[in-house]
Amino acid sequence: MKREPRNRIAASVKKVWRINAGLSMLVLAIAAGVLTYFMDDWSIPTYIIYIGWALIVLASCIFIWLLPSIRWRRWRYEVFEQEIYIQHGIFIVTQTIVPMIRVQHVDTEQGPVLKGFKLATVSISTAATTHRIPALLLEEALELRDRIGTLARVEEDDV
Amino acid sequence: MSESKRMHPISIILQMLKLIKDAIIPLVVGFIAFFQNLSEMFWWSPFALIGAVLLVSGLTAFLHWYRFTYRIEADELRLESGVFVRKKRYISKHRIQSVNTSANILHRLFGIVKLEVQTAGGGKKAEGEIGALSKDDAVAIQQFVKRKEQEGTETAESNEDFLSDKRAGYQLSFRRLLAAAATSGGTGVFFGFLFAISQQLDNIANFDIYSIVFDWLLEQSLVLSILFAIGSLALTWMIAMVGTVFKYCFFQITKQGEELFIRRGLLEKREITIPLHRIQALKIEENIFRQPFGLLAVSAEIAGGGAESDKHSFSTILFPLLKRSELHRFLEEIIPGYVMGTAFRKPPKRARLRYAFIPILISVLITGVLMYFFNWYGLFAILLILLTIWFCVLDYKDAGVSWTADMLSMRYRELSRVTVHVPRKKVQAFRESQHYFQSKKQLETVKISVASGGAAGSSFKVRHLAEQDAQAAADWYSFRS
Numbered sequence: 001m002k003r004e005p006r007n008r009i010a011a012s013v014k015k016v017w018r019i020n021a022g023l024s025m026l027v028l029a030i031a032a033g034v035l036t037y038f039m040d041d042w043s044i045p046t047y048i049i050y051i052g053w054a055l056i057v058l059a060s061c062i063f064i065w066l067l068p069s070i071r072w073r074r075w076r077y078e079v080f081e082q083e084i085y086i087q088h089g090i091f092i093v094t095q096t097i098v099p100m101i102r103v104q105h106v107d108t109e110q111g112p113v114l115k116g117f118k119l120a121t122v123s124i125s126t127a128a129t130t131h132r133i134p135a136l137l138l139e140e141a142l143e144l145r146d147r148i149g150t151l152a153r154v155e156e157d158d159v
Numbered sequence: 160m161s162e163s164k165r166m167h168p169i170s171i172i173l174q175m176l177k178l179i180k181d182a183i184i185p186l187v188v189g190f191i192a193f194f195q196n197l198s199e200m201f202w203w204s205p206f207a208l209i210g211a212v213l214l215v216s217g218l219t220a221f222l223h224w225y226r227f228t229y230r231i232e233a234d235e236l237r238l239e240s241g242v243f244v245r246k247k248r249y250i251s252k253h254r255i256q257s258v259n260t261s262a263n264i265l266h267r268l269f270g271i272v273k274l275e276v277q278t279a280g281g282g283k284k285a286e287g288e289i290g291a292l293s294k295d296d297a298v299a300i301q302q303f304v305k306r307k308e309q310e311g312t313e314t315a316e317s318n319e320d321f322l323s324d325k326r327a328g329y330q331l332s333f334r335r336l337l338a339a340a341a342t343s344g345g346t347g348v349f350f351g352f353l354f355a356i357s358q359q360l361d362n363i364a365n366f367d368i369y370s371i372v373f374d375w376l377l378e379q380s381l382v383l384s385i386l387f388a389i390g391s392l393a394l395t396w397m398i399a400m401v402g403t404v405f406k407y408c409f410f411q412i413t414k415q416g417e418e419l420f421i422r423r424g425l426l427e428k429r430e431i432t433i434p435l436h437r438i439q440a441l442k443i444e445e446n447i448f449r450q451p452f453g454l455l456a457v458s459a460e461i462a463g464g465g466a467e468s469d470k471h472s473f474s475t476i477l478f479p480l481l482k483r484s485e486l487h488r489f490l491e492e493i494i495p496g497y498v499m500g501t502a503f504r505k506p507p508k509r510a511r512l513r514y515a516f517i518p519i520l521i522s523v524l525i526t527g528v529l530m531y532f533f534n535w536y537g538l539f540a541i542l543l544i545l546l547t548i549w550f551c552v553l554d555y556k557d558a559g560v561s562w563t564a565d566m567l568s569m570r571y572r573e574l575s576r577v578t579v580h581v582p583r584k585k586v587q588a589f590r591e592s593q594h595y596f597q598s599k600k601q602l603e604t605v606k607i608s609v610a611s612g613g614a615a616g617s618s619f620k621v622r623h624l625a626e627q628d629a630q631a632a633a634d635w636y637s638f639r640s
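Respectively, the protein sequence lines represent chains A and B. Using this note's numbering, you'd call the opening residue of the first sequence number 1 and step up by one each time. Using this note's numbering, you'd call the opening residue of the second sequence number 160 and step up by one each time.
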């Protein structure tokens with residue numbers, strides 16, 4: 001792997017990921033709770049219930065506590081005049097090069113949770129792929145979008 | 160040709176047939192359900208029902224034809240259609256990637272063609288489609304689209320240049336066609352088809368074909384079972400062969416100026432036009448039946464999806480069968496610029512385990528399961544393990560990347576050995592990736608994306624290259640270095 005890109009994404013995104021993971025885990029926990037409650041009626045073996053709860057606790061530890069910080073530490077990007085350089089991935093680390101002249105359009109979007117933390121997602125589309133920088137501070141995201149927009153406009157090239 | 164035109168009236172019948180064909184399964188099921196208590200009905204009710212089906216489909220088809228118009232206006236191809244909801248689609252000729260015509264048996268009976276207009280937008284369906292029009296009208300539309308190619312590129316080619324260029328062309332000889340058919344390896348596709356059919360039967364008649372066949376096979380002796388297996392393989396192979404013959408009969412490719420023209424098909428004739436600069440990548444495939452004989456197929460990845468009705472791939476076949484020794488000349492004459500890179504940078508020896516580990520693990524697991532269920536019959540699955548090992552060795556041996564100043568070549572195996580050549584300008588994004596086990600051995604996977612196929616584009620990757628090779632490739636692609 002080459003030198004890592006310089007910029008990190010906003011640190012508060014860890015909280016966003018934790019909240020999202022927490023919500024998914026909550027749904028699972030509710031499902032497990034229902035099963036536990038009706039365990040006798042539906043004649044579910046006890047060991048399955050135990051295994052289920054153990055898995056949920058384990059998954060919560062991994063997805064809420066462990067992964068967001070690793071993911072954040074890995075996530076880096078850098079915008080040069082002629083290309084965008086992105087690195088991400090937890091188990092598989094991926095480094096992507098997107099030349100500026102291949103960029104077709106840049107979007108920013110903001111879901112409800114991101115909005116609460118004043119964050120936004122920047123997605124960069126080429127004719128074939130879309131690359132998302134998952135969370136930047138809103139002003140930073142808008143600035144980056146405009147900057148890529150201007151840099152990408154310099155050279156026009158048909159598909 | 161600026162006034163609105165309707166399609167050829169024959170399209171009413173074509174549309175009718177298509178409607179009935181699409182609805183054939185529900186119709187048949189409905190008929191069977193309806194006539195189970197036939198005795199209680201009038202003698203004419205089946206005829207009335209058939210009449211109703213014909214009337215409804217005929218009326219729909221007529222309205223469809225009546226409301227569908229096309230015209231050329233202000234540099235746009237304008238299609239209007241829709242019975243209840245009026246749809247207008249204006250396609251600027253500057254956005255048109257290719258115009259293709261095809262003619263199935265019915266079309267050919269009436270001397271008409273179907274025209275498809277492809278733009279860069281993704282999706283398998285053509286963006287503009289005119290179901291039935293006379294050949295002259297189709298040519299007029301093609302001419303209209305082509306005019307911009309000449310203006311746009313400003314190469315000022317005269318008509319004579321066009322004609323003299325036409326000599327660069329290749330035809331598929333009959334012997335080649337047979338060879339292509341015999342080695343097409345379409346058996347898998349045919350099995351898929353059989354599977355789909357048996358699923359349908361299953362739905363309709365609650366008829367479990369697999370258990371019947373399986374029970375029957377278990378009753379037979381081992382020799383008979385093996386003979387049966389070989390026989391059915393031979394049969395599917397023959398049928399796949401016939402399919403290939405139909406598809407690639409009279410295959411012809413010619414180059415005119417900056418465009419390729421392809422014409423092919425026995426019953427359904429297709430004519431495909433590909434402007435050279437729309438080609439995103441060149442793909443050379445050597446499947447396992449062809450590679451030992453030094454034979455290969457050449458296809459092109461085109462923005463906005465392939466021009467084929469083939470649902471299995473987005474790429475367009477440029478030539479179904481060539482000898483390896485002829486490839487160089489073919490490329491030079493048909494698509495100059497896409498000439499093979501020479502020395503591939505191959506994965507290092509330490510990558511061998513990575514190529515072998517997962518496939519062999521999977522096949523050992525499958526063998527274990529089979530042996531558990533079928534006792535000693537499962538030992539046949541050991542063949543599977545041997546095949547897997549052989550495949551892993553090939554996989555490892557074939558992989559590689561190579562590049563020249565403006566062209567990247569990648570070679571990998573996915574049953575067939577695939578070599579792709581992509582101009583640097585057509586690579587939309589370049590990625591290197593490395594997982595935990597790769598990083599221990601300083602290996603990396605390289606993957607590029609090109610703008611062909613669906614909205615997601617298509618991508619090619621070579622796995623487990625040496626770290627320094629992958630980085631050199633990235634440096635080659637990067638503008639910073």
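No lab work stands behind these hints, which were simulated from the structure alone. Any given hint could turn out to be false.
To be verified - Covered stretches of chain B, as calculated for chain A (at least 3 residues, CB under 8 Å): (1) 206-215; (2) 542-548.
As the list claims (entries may be wrong) - Derived DEER-like restraints, expressed as beta-carbon distance ranges: (3) B/F452 - A/G89: 55 to 63 Å; (4) A/F38 - B/L208: 31 to 39 Å; (5) B/R509 - A/R153: 39 to 47 Å; (6) A/S24 - B/F532: 35 to 43 Å; (7) B/F596 - A/H105: 48 to 56 Å; (8) B/I209 - A/A31: 47 to 55 Å; (9) A/S24 - B/E239: 27 to 35 Å; (10) A/T108 - B/S332: 55 to 63 Å; (11) A/T46 - B/A393: 50 to 58 Å; (12) A/W42 - B/L386: 47 to 55 Å; (13) A/H105 - B/R245: 36 to 44 Å.
Think of the CB as a built atom: it goes at the ideal place given N, C-alpha and C, for glycine as much as any other residue.
Please flag the earlier hints that this structure goes against, numbers listed from lowest up.
The structure breaks hints 1, 2, 3, 4, 7, 9 and 13; every other hint is satisfied.
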